[in-house]
Amino acid sequence: MARAHPFTGPSLTIAITLLAFLLPAPAGPLWLYGGVVLAALITGALSAPWHGALICLPLWFFLFLLHGVLGADPSWSLGSLSLSREGTAMALGQAARLGAIVTATLAMYRGFSVPRFVDAASERGWPFQYSYLLVATIMAVPRFVSQVHHIREAQRTRGLRLTGNWLTKGRGLKALALPLAFGALAEAEERALALETRSIRAPVRRTPLHVVQDRFADRLARWLGWSSVVAAVVWRLAS
Amino acid sequence: MSPRQLALIPVAVALNVAVGRIVAEFNLPVYLDATGTILASALAGPVVGVTTGVLSQVITAMIGGYVWLAFAPVQIIIALLALAGARARMFRSLPVSLGLGASVGVVAGALSAVISYFVFRGVTAGGVTAITTLLTSTGLPLSVAVTASSLATDIVDKSIAFAIVGMALRGLPLRMVARFPEAGRAIRS
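From first to last, the protein sequence lines are chains A and B. Counted the way our numbering counts, the first sequence spans residues 1 to 239. Counted the way our numbering counts, the second sequence spans residues 1001 to 1189.
Note that these hints are calculated values from the structure, not bench results. One or more hints might be untrue.
What the hints assert, rightly or not - Each computed SDA-like pair below joins lysine to any residue, with the alpha-carbon atoms no more than 20 Å apart:
id : chain 1 : residue 1 : chain 2 : residue 2
1  : A       : Lys174    : B       : Leu1098
2  : A       : Lys174    : A       : Leu193
3  : A       : Lys174    : B       : Gly1020
4  : A       : Lys174    : A       : Arg201
5  : A       : Lys169    : B       : Pro1029
6  : A       : Lys174    : B       : Ser1093
7  : A       : Lys174    : A       : Ala202
8  : A       : Lys174    : A       : Val145
9  : A       : Lys174    : A       : Ala192
10 : A       : Lys169    : B       : Met1176
11 : A       : Lys174    : B       : Val1156
12 : A       : Lys174    : B       : Gly1099
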């Protein structure tokens, strides 16, 4: 996945998301989920299926509880449980749908390289603003999350309590969220100055630092993904 | 889009995610994942607010699954209502911000309920789904349970988020307020 063209992963993930909703449940999403897990293992994204299952586990549990156990017309027995046949089938389809989408996204994200994406976007002639927004955001998120820890430790030295009743927690929330918001606005000012200095609005086409190869395998994978979506739409409309 | 507006979007999206982490540390039953969207909208107008909301969903979807992109319309509606509230000077005091947040919570909750019911069959994030399950077990139809749980959580969530943004806007240095004309109008009493 890491060697693939930066547009291939996101493109295939969107195609899988659409297929998960287009294919008839429960068989369609179940086959799709199986295929996505297999593809993730083959392409080297070994942790994606496991991590995806961990994310989906609470959702699967609630789907089974809400539709299987508490669903209408419990006519099917599983041990001491009476289950709704229709609700269980629906829960299974929805669970496989979520599993396929989450696993595909995680596999894509594991192989997503920010610098390669910027190069590929420049090569395609995307306006710099679009790639800046995506890349700056991806880089800002982990920095802000770690900033939360710094602010929390600083506020704890001033007496911040993380436990207690809701009023105490509310005060603590204010003590953490407001410095973070002010810090965010100060950072936005610095970035604005940097963007202005670098002539962000200059009407010139930017050149990529490295040329990203769009191999035949990448083009074929994207073509197959989107052809499957078109075929599924035609099939569902015809049936 | 001006460089200032462009620079504000990534930090506002990061704020959405980071405030969500703070809430998780306090074990509070809310998300506050639209705080940055509300702030961006109140400071810099509709384009920045809506872009922040949509990009926020895209980034969350990239990390946790494209399936959550379905909630992007909720972020858009929050951004637009926050802007309308800012233009109506509804961030001028804590009670007014809380009232605005509760009203936005009703709209956002209703829209979330529709998406949650039709796309996710009522099963989304842990807290809301637990309430939905509890209500369904009492015999309520799924559609009613999903609507009630979405409304209840969103009203509380958006009230707190709008209160925080209101406090942030009122606490801004005048030098900063001058750079964002929408903010000046939002807090004028």
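Honestly, which of those hints from before does the structure not fit?
-> Those not satisfied are hints 2, 4, 7, 9 and 10.
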